[in-house]
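Chemist: Listed here are the chains, written in short residue letters.
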Amino acid sequence: MENLQKHQPQLRLLPNYFKKIGMGLFLFAMIVLKLVFIYLKELNPVWFENCHDFLRIVGFDISIIGLLLFAFAKDEIEDELTLLIRLQSIAYAFIFVILFVVIKPLYAFIDSNQISEVDGKLIIILMLVVYISTFILRKKKM
Amino acid sequence: MLLGAIIISITYKVDLGKYNSISSKVLLDVIIIGLLLFTFAKEKIEDELLMLIRLQSAAYALIFSVLFTVMLPLIIFVIDSRDINVPDLAIIILSLFVYHSIFTFKKLRM
Chain P
0 MENLQKHQPQ
10 LRLLPNYFKK
20 IGMGLFLFAM
30 IVLKLVFIYL
40 KELNPVWFEN
50 CHDFLRIVGF
60 DISIIGLLLF
70 AFAKDEIEDE
80 LTLLIRLQSI
90 AYAFIFVILF
100 VVIKPLYAFI
110 DSNQISEVDG
120 KLIIILMLVV
130 YISTFILRKK
140 KM
Chain Z
0 MLLGAIIISI
10 TYKVDLGKYN
20 SISSKVLLDV
30 IIIGLLLFTF
40 AKEKIEDELL
50 MLIRLQSAAY
60 ALIFSVLFTV
70 MLPLIIFVID
80 SRDINVPDLA
90 IIILSLFVYH
100 SIFTFKKLRM
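Top line first, the protein sequences correspond to chains P and Z. Read in numbering that gives the first Met the number 0, the first sequence has 67 at position 68, and its numbers run on one by one without any break. Read in numbering that gives the first Met the number 0, the second sequence has 4 at position 5, and its numbers run on one by one without any break.
Derived by calculation from the structure, the hints in this document are not laboratory data. Fair warning: this is a prediction, and the values are worked out from it, not measured in the lab. We treat Cβ as the ideally placed atom computed from N, Cα and C, and that holds for glycine. Keep in mind that the hints are not guaranteed to be accurate.
What the hints assert, rightly or not - Taking beta-carbon pairs under 8 Å as the criterion, some of the chain P residues facing chain Z (in silico): (1) Leu80; (2) Leu82; (3) Pro104.
Claimed, not checked - 27 Å max Cα-Cα, derived BS3-like pairs, lysine-lysine: (4) P/Lys19 with P/Lys33; (5) Z/Lys106 with Z/Lys41; (6) P/Lys19 with P/Lys103; (7) P/Lys73 with Z/Lys106; (8) P/Lys103 with P/Lys18; (9) P/Lys138 with P/Lys18; (10) P/Lys138 with Z/Lys41; (11) P/Lys139 with P/Lys73; (12) Z/Lys105 with P/Lys73.
Unchecked claim - Selected chain P positions facing chain Z (Cβ under 7 Å, derived; list incomplete): (13) Asp60; (14) Asp118; (15) Lys120.
Given the sequences, and given the hints that come with them, work out the whole structure.
Modeler: Shown next, in the form of structure tokens:
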């Protein structure tokens, strides 16, 4: 029995307080870094021109990591039902993003005869947002 | 679908790395849809253990693709000082590939 339990796969999630840390990081990246972006552009345009790419990469990275921490933090009550909801939400997120990636460039090609490419970071953010929103909505409906 | 697309690409010598041609784009889309169908097809025996393995694999695939998307532009920026976009199809194919490898590995180990 012990041996069976040892081989039973478990989903190791982060502690519950990572939800707050994740949301804090996401809001920090979205609000504070955006404000820094705007003020830096007016105050010191030369320095802004040099750091623009770096700030953009760091801003996106912090928001993505914040969303990831929020997505994989434990709920207050973790049982088999929440595991099932998690699985469903991840599946929906994958399906949604794949359909988005397949359909959007085809639509753009039909519309303007150009082959467009979606930024990978936007895809990841979209996937995490769909996962989190589906998870919250389904959990509330239960 | 997946095998068909790969066979077509080999037979007609469509360069899948050439992102700008419509033929490679459509073939990559077909490969992705094939992988998606393969991912969400039922196993012969579907139980709670398999559900947990699916969840674990999907979570690892998501985490891996997030880390890949975060780290790759940062490393390239540090090395080469330029901002690159990670292609969307590369992320999707990578995450589905990671999902399948973990899922198969864990299933075989059970």
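Chemist: For each hint, tell me whether it holds in the structure or not.
Modeler: Here's how the hints hold up against the structure:
1. Leu80: violated, 12 Å
2. Leu82: holds, 6 Å
3. Pro104: holds, 7 Å
4. P/Lys19 with P/Lys33: holds, 20 Å
5. Z/Lys106 with Z/Lys41: holds, 14 Å
6. P/Lys19 with P/Lys103: violated, 34 Å
7. P/Lys73 with Z/Lys106: holds, 25 Å
8. P/Lys103 with P/Lys18: Since the Cα atoms of lysine 103 of chain P and lysine 18 of chain P sit roughly 32 Å apart, the hinted pair is violated (cutoff 27 Å).
9. P/Lys138 with P/Lys18: holds, 16 Å
10. P/Lys138 with Z/Lys41: holds, 25 Å
11. P/Lys139 with P/Lys73: Holds: lysine 139 of chain P and lysine 73 of chain P sit about 16 Å apart, inside 27 Å.
12. Z/Lys105 with P/Lys73: holds, 23 Å
13. Asp60: Holds, about 5 Å.
14. Asp118: holds, 5 Å
15. Lys120: Hint on lysine 120 of chain P: holds, closest Cβ of chain Z at ~6 Å, below 7 Å.
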